[in-house]
Amino acid sequence: MLVQINPNIRHTEKSSDKHPLSYIALGIDDLLFDFPDHSGQDSEDTALSQNGCQITRLHSDQADILPLLKMTLAEAHRHEPASEQICQYLLNAFLLKIGRVTNSQFSAGSVPDISGECAQIKDYIDHHYSKEVTLDDLVALSHLNKYYLSHIFSKSYGVAPINYLLDRRILNSKELLKNTDYSITHIAHMTGFSSANYFSQSFKKHTGITAAAYRKILVN
939 MLVQINPNIR
949 HTEKSSDKHP
959 LSYIALGIDD
969 LLFDFPDHSG
979 QDSEDTALSQ
989 NGCQITRLHS
999 DQADILPLLK
1009 MTLAEAHRHE
1019 PASEQICQYL
1029 LNAFLLKIGR
1039 VTNSQFSAGS
1049 VPDISGECAQ
1059 IKDYIDHHYS
1069 KEVTLDDLVA
1079 LSHLNKYYLS
1089 HIFSKSYGVA
1099 PINYLLDRRI
1109 LNSKELLKNT
1119 DYSITHIAHM
1129 TGFSSANYFS
1139 QSFKKHTGIT
1149 AAAYRKILVN
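Everything in the sequence shown is counted per our numbering, starting at 939 for the first residue and increasing by one.
Keep in mind that the hints were calculated from the coordinates and are not lab data.
Note that CB positions come from ideal geometry on N, CA and C, so glycine has one too.
Take the hints with a grain of salt, since some may be wrong.
[Unchecked claim] For lysine-lysine, the following DSS-like pairs were computed, each having C-alpha atoms within a straight-line distance of at most 25 Å:
hint, residue 1, residue 2
1, K1008, K1069
2, K1142, K1116
3, K1069, K1112
[As the list claims (entries may be wrong)] Beta-carbon label-pair distances, calculated as ranges:
hint, residue 1, residue 2, range
4, K1093, Y1120, 49 to 55 Å
5, H957, Q1139, 51 to 57 Å
6, L1156, P1019, 28 to 34 Å
7, H1089, H1017, 24 to 30 Å
8, R1038, N1117, 41 to 47 Å
9, D955, L1004, 44 to 50 Å
10, V1097, I943, 42 to 48 Å
11, Q1023, K1154, 30 to 36 Å
12, L1034, K1154, 53 to 59 Å
13, N1041, D955, 21 to 27 Å
14, N1041, D1105, 21 to 27 Å
Could you build all of it, start to finish, from the sequences and the hints given here?
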């Protein structure tokens, strides 16, 4: 099993006397994963991603990934000439390999200091925007006062959580308008809008043109 966890996500590992865990933990500074949406997929081979983490069954890929991880850690403990460069080379290969296996992308750079609650809420919205989501739902998930949640989320991401939800829905609707021939009503339903009329109003307010006009521009 491969467990990928983004920065600022609170987590813990629990084992048992009967089936104790054996694991290697690798922490990488300034690395952020972008996990794909696996909702609606039931296969046991499919990765499970939620709340800023993803769990993937490696199966045969373990034979390629585990040696890279072990070699990286072994080199890091040697502190010999060129160890840092070798670790960087092995780490790049490791990340590219798990990116291919898990269908996840990663970005390197300074990761903002965002609270675990905000990161959890953002990830929840990213994976549940197509369903009915209210501010009360987000409050229950984060265990924070709604006014404080809105404040710290806005401070972290520059937008209130419900507005981020709307942005996420509009973004996905643009992809559907571009890449499918689904009707406007069907796209409204797929992206979590309560009605086609509300979707049309929101889309025009957000983009300045109607959804139909947006699609027509893409076609032409």
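Each hint, compared with the structure:
1. With a C-alpha separation of about 41 Å, the suggested pairing of K1008 with K1069 is violated against the 25 Å cut-off.
2. A hinted pair counts as satisfied when its Cα atoms are at most 25 Å apart, and K1142 with K1116 qualifies at roughly 16 Å.
3. Restraint check: the Cα-Cα separation between K1069 and K1112 comes to about 17 Å, which is no more than 25 Å; the hinted pair holds.
4. For K1093 paired with Y1120, a C-beta distance near 36 Å fails the hint of 49 to 55 Å.
5. For H957 and Q1139, the Cβ-Cβ distance of about 53 Å falls inside the hinted range of 51 to 57 Å, so the restraint holds.
6. At about 55 Å, the beta-carbon gap between L1156 and P1019 misses the expected band of 28 to 34 Å.
7. Here the CB-CB span from H1089 to H1017 is close to 45 Å, at odds with the stated 24 to 30 Å.
8. In this structure the hint that R1038 and N1117 lie 41 to 47 Å apart at CB is violated, the actual value being about 23 Å.
9. Between D955 and L1004 the Cβ separation comes to about 25 Å, which falls outside the hinted range of 44 to 50 Å.
10. Separation of V1097 from I943 is about 24 Å and departs from the stated range, judged on CB atoms against 42 to 48 Å.
11. The hinted range of 30 to 36 Å is not satisfied by Q1023 and K1154, whose Cβ atoms lie roughly 53 Å apart.
12. Evaluation of the 53 to 59 Å hint for L1034 and K1154 yields a failure: the beta carbon distance comes to about 39 Å.
13. In this structure, N1041 and D955 break the distance hint of 21 to 27 Å, their C-beta atoms being roughly 35 Å apart.
14. Hint check: N1041 to D1105, Cβ distance near 24 Å, so the stated range 21 to 27 Å holds.
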